[in-house]
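Undergrad: Respectively, the protein sequence lines represent chains D and F.
Those letters in the first sequence? Residues 1 to 332, by the numbering used here.
Those letters in the second sequence? Residues 1 to 164, by the numbering used here.
The set of hints was computed from the structure by calculation and includes no laboratory data.
Heads up, the beta-carbon is just placed ideally off N, CA and C, and yes, glycines get one too.
Some hints here could point you the wrong way.
[As the list claims (entries may be wrong)] Label pairs and their calculated CB-CB ranges:
| # | chain 1 | residue 1 | chain 2 | residue 2 | range |
| --- | --- | --- | --- | --- | --- |
| 1 | D | Arg332 | F | Asp123 | 23 to 33 Å |
| 2 | F | Pro120 | D | Thr307 | 42 to 52 Å |
| 3 | F | Asn117 | D | Lys65 | 29 to 39 Å |
| 4 | F | Lys3 | D | Gln317 | 18 to 28 Å |
| 5 | F | Ala142 | D | Lys286 | 32 to 42 Å |
| 6 | D | Thr307 | F | Asn117 | 20 to 30 Å |
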Amino acid sequence: MRLPRFDYLGPDNLEGALDLLDTHRDDAKILAGGTDLLVRMKKGLLKPKFLISLKALNELSYIKKEDNNIKIGAGTSIADIIASNLVKKEAHALLQACEKIGAITIQHHRGTIGGNILQDNRCHHYNQSDFHRSGRQPCHKDGGKICYARDEADRCNSTCQSDGATALMALGAKITLARKGGERTVDLVDFYTADGIMPFAMESHELLKEIIIPMQGAQSAYKRLAYRSAIDYPIVCAGVLLKSSKKNEIREVRIVVGAMGRSPLFLVRASSSLKGKKLTDMDAFKKAADIAMDNASTFAVHNVGSTLEYRCAMVSQMVLRALKQAAEAAKR
Amino acid sequence: MEKIQITLNINDKPCEVMVYPNDTLLEVLRDELDLTGSKESCGEGVCGSCTVHMDGKPVRSCLTLAMEAQGTKIKTVEGLANGDDLSDLQQSFIDHGAVQCGFCTPGMLMSADALLNENPRPDEKTIRKALAGNICRCTGYAKIVEAVAHAGNPQEHCPDCVDK
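Construct the entire structure; sequences and hints are all you get.
TA: This is the structure:
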């Protein structure tokens with residue numbers, strides 16, 4: 001498969017990259033690892049005039065502790081995150097999620113955490129070859145007015161299948177978006193538009209620069225279900241964060257379910273149902289997992305991998321397993 | 001769009017090539033430099049048959065732009081053997097019958113070689129994890145895993161080993 005034509009731009013530093021992005025805006029795409037972008041370009045889903053490579057921008061690759069936060073550069077490779085003791089200790093869900101991204105051959109060197117968060121939403125009606133798509137009317141995401149995943153849907157129902165974003169949302173992460181002459185920090189929860197065509201609330205001249213994870217002294221866990229353990233997108237995943245008191249009482253929970261909607265879903269009702277419960281209260285965990293399943297199921301459509309019924313049923317399992325693991329870690 | 005001259009360091013030899021910005025490393029290796037050991041199968045980073053080393057780490061050459069490979073040390077499957085002398089890993093693949101149609105073999109060898117460079121005596125689980133990104137549709141994976149385990153540990157022959 002050939003890539004479509006484009007011009008390659010290789011800025012030396014962040015300032016240069018932001019300058020180029022500001023000039024070319026919608027005509028340009030950022031190339032970090034390329035493991036998502038180049039695949040979409042090969043399928044003809046994307047035809048940018050310019051690719052701005054971040055290859056020379058070592059300044060975007062770091063993991064550091066600052067003011068009770070873990071700060072991770074958006075260009076940090078997945079392998080570096082897996083190797084980080086800081087992430088392992090303070091943001092275990094992110095480590096578990098990164099271990100599941102791609103296969104070792106891609107993780108090692110090419111894939112970046114920024115690219116993982118910004119990987120485009122997917123749908124098995126859309127992520128197909130030019131030839132496949134040419135045989136029918138274009139869908140919403142392809143510029144048309146039809147949704148093949150849900151009859152008579154007035155909008156795109158593509159699914160966010162990012163492992164990293166689900167774990168980071170559970171960890172309460174914020175992200176910093178840089179643009180020429182400034183930057184802004186947003187909560188990851190507020191970063192999504194609920195629109196499958198352009199799922200991220202960012203401008204075309206903005207660049208994801210940094211991920212900030214607050215260190216809350218809490219336990220976290222991430223569980224995912226996929227057909228193939230390597231190089232496969234999750235069909236359901238769940239990240240949880242669990243804060244407990246010394247008396248093994250739960251003070252705060254964040255339950256996030258991924259691969260079920262247009263963005264990772266932070267489920268407030270399921271999360272708050274566990275407040276004040278004991279870490280050993282399995283019935284409460286099961287109840288929270290069932291609430292999570294009910295709430296997440298309303299967002300899902302049949303457009304990735306398995307049948308909708310199976311994916312919905314598995315939400316409660318993934319949430320329950322993640323909760324159990326986080327609770328085990330909290331008891332220690 | 002014009003061709004650009006770049007220098008790639010492939011198997012410890014500098015190669016000057018003219019490439020288009022949208023040429024992948026795999027296309028340059030196969031079509032410009034006649035290094036046809038690396039194969040294209042899925043073309044989207046799922047099968048692993050195009051795996052090469054960049055600075056000692058296995059990467060997918062079908063999802064790496066040739067332009068991005070400048071300034072790195074690239075090793076392809078052709079760089080494993082020393083002239084006509086096969087590497088231990090390659091010989092082990094032959095001895096264990098780990099090759100059937102052979103299409104996935106270059107990728108398997110490169111993934112396994114990277115693993116053995118890091119960990120010369122890997123256990124089965126580690127080998128399977130390292131090869132998880134490579135798909136074989138003929139032999140099944142048992143013989144491939146045996147071949148890698150043996151190459152990393154030539155003293156302890158397994159029952160399937162050919163006595164030499």
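Undergrad: A separate judgement is required for each hint: does it hold in the structure or not?
TA: Here's how the hints hold up against the structure:
1. Arg332/D - Asp123/F: 23 to 33 Å: holds (27 Å)
2. Pro120/F - Thr307/D: 42 to 52 Å: holds (45 Å)
3. Asn117/F - Lys65/D: 29 to 39 Å: Since the Cβ atoms of Asn117/F and Lys65/D sit about 31 Å apart, the hinted range of 29 to 39 Å holds.
4. Lys3/F - Gln317/D: 18 to 28 Å: violated (54 Å)
5. Ala142/F - Lys286/D: 32 to 42 Å: holds (40 Å)
6. Thr307/D - Asn117/F: 20 to 30 Å: Between Thr307/D and Asn117/F, where Cβ atoms are some 43 Å apart, the hint is violated.
The structure fails to meet hints 4 and 6 from the earlier list, while all remaining hints are met.
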